[in-house]
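Keeping their order, the protein sequence lines are chains A and B. Its first residue numbered 1, the first sequence is counted upward by one per residue in my numbering. Its first residue numbered 1, the second sequence is counted upward by one per residue in my numbering.
Just so you know, the hints here were simulated from the structure itself, not pulled from any lab data. Mixed in with the good hints, there may be bad ones.
What the hints assert, rightly or not - Dumping the calculated DSSO-like pairs for lysine-lysine here, alpha-carbon to alpha-carbon at most 30 Å:
hint, chain 1, residue 1, chain 2, residue 2
1, A, 176, B, 76
2, A, 151, B, 12
3, A, 77, B, 12
4, A, 77, B, 94
5, B, 94, A, 151
6, B, 18, A, 2
7, B, 76, A, 2
8, B, 58, A, 151
9, B, 58, A, 2
10, B, 18, A, 176
11, A, 151, B, 76
To be verified - Rough simulated footprint, nothing fancy, chain A against chain B, three-plus residues with beta-carbon under 8 Å:
hint, region
12, 7-14
13, 37-47
Unchecked claim - Using C-beta positions, here's what the derived DEER-type ranges look like:
hint, chain 1, residue 1, chain 2, residue 2, range
14, B, 89, A, 50, 37 to 47 Å
15, B, 59, A, 50, 50 to 60 Å
16, B, 114, A, 148, 32 to 42 Å
17, A, 144, B, 60, 24 to 34 Å
Using N, Cα and C, we set each Cβ at its ideal position, and we do this for glycine too.
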Amino acid sequence: MKELSLNILDILENSIHAGATRIHLTLQEYLETKDFLGFRIEDNGKGMDQAMVDSLFDPFTTTSTTKTVGLGLPLLKQEAEMCNGGCELESQPGVGTKVSFWFQHTHIDRPPLGDIVSTVIMMYAIHSGVEFIFTHEVDNNSFEVSTSELKEVFQDVPINNPKILQGLETFLLENKNQLYGGKHYG
Amino acid sequence: MAKINSLDELRKLRDQAKESMTARSGEAKVRIRASMGTVGIAGGAREVLKAIIDELEKRNFHEVEIIEGGSMGLDKEEPVIVVERDGFQTTYGKVQPEMARQIVAQHVINGQIISEWVIARNKQ
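Starting from the given sequences, assemble the full structure and let the hints guide the process.
Quick look at the structure:
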């Protein structure tokens, strides 16, 4: 993947395919207090047993029925470790899965975060039935928005209406810029 | 930690969207399936879907449902989108954002298939 926001989208899609009805994405960027970029995805999907978790970072593991090799997670783990970071995965059958990846923010080999707003928009566009919570922390500021609070605002207008999606993109971009406060992160 | 989240501007957006929905009801219902598997994402599926949303909004066409198609086992052809219209499922392969805009304008809205990009076509 060219950017971390695409890896995040890929992991969010994994949660969807695990039957999650609630997904929480937390993105943390710290440059002032520490040198850290991390993200965590928590879902209430069907979860995995220990054997599946153990084999997850083996490139020859995939749940896909049409492919035999899955490379998403092992490659991302390798990238995180190369950047003085790491990853953690906890899962319980019937409860859900929590996966985190983190990097040294200023590491020269760290992939760019990329277009996180577009990744969030994808959740509203094609998974509007899922309660998706997005938390973005940048040093001392944070922004959080959930599907249920947006639905409360839009009432009978579907959240995946194209006009709504475009407006939400502007809304998310404005909030992101405010979080960064004119400084360059990404 | 300072929290930022202003939903007020979104209320205005809701009223605008509501207005255009009422003005344009009764159009043909179209469904677009976008595949969002690992291969599709790596190949640009997110940007393709964003182009579709943007084009639908520009043309004020809202009688369409966008759903996830999962990985369709067509990795070589990703990004793949399927248009369901007039009783047919039409699959387009190796779709790029500019192609997606044309598919919306010609096929989704006006029902004209762009044959040179079609990789499969089935009756629903």
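Quick rundown of the hints versus the structure:
no.	hint	verdict
1	A:176 with B:76	35 Å, violated
2	A:151 with B:12	14 Å, holds
3	A:77 with B:12	43 Å, violated
4	A:77 with B:94	29 Å, holds
5	B:94 with A:151	34 Å, violated
6	B:18 with A:2	37 Å, violated
7	B:76 with A:2	19 Å, holds
8	B:58 with A:151	23 Å, holds
9	B:58 with A:2	29 Å, holds
10	B:18 with A:176	27 Å, holds
11	A:151 with B:76	37 Å, violated
12	7-14	holds (count 6)
13	37-47	holds (count 6)
14	B:89 with A:50: 37 to 47 Å	41 Å, holds
15	B:59 with A:50: 50 to 60 Å	51 Å, holds
16	B:114 with A:148: 32 to 42 Å	39 Å, holds
17	A:144 with B:60: 24 to 34 Å	32 Å, holds
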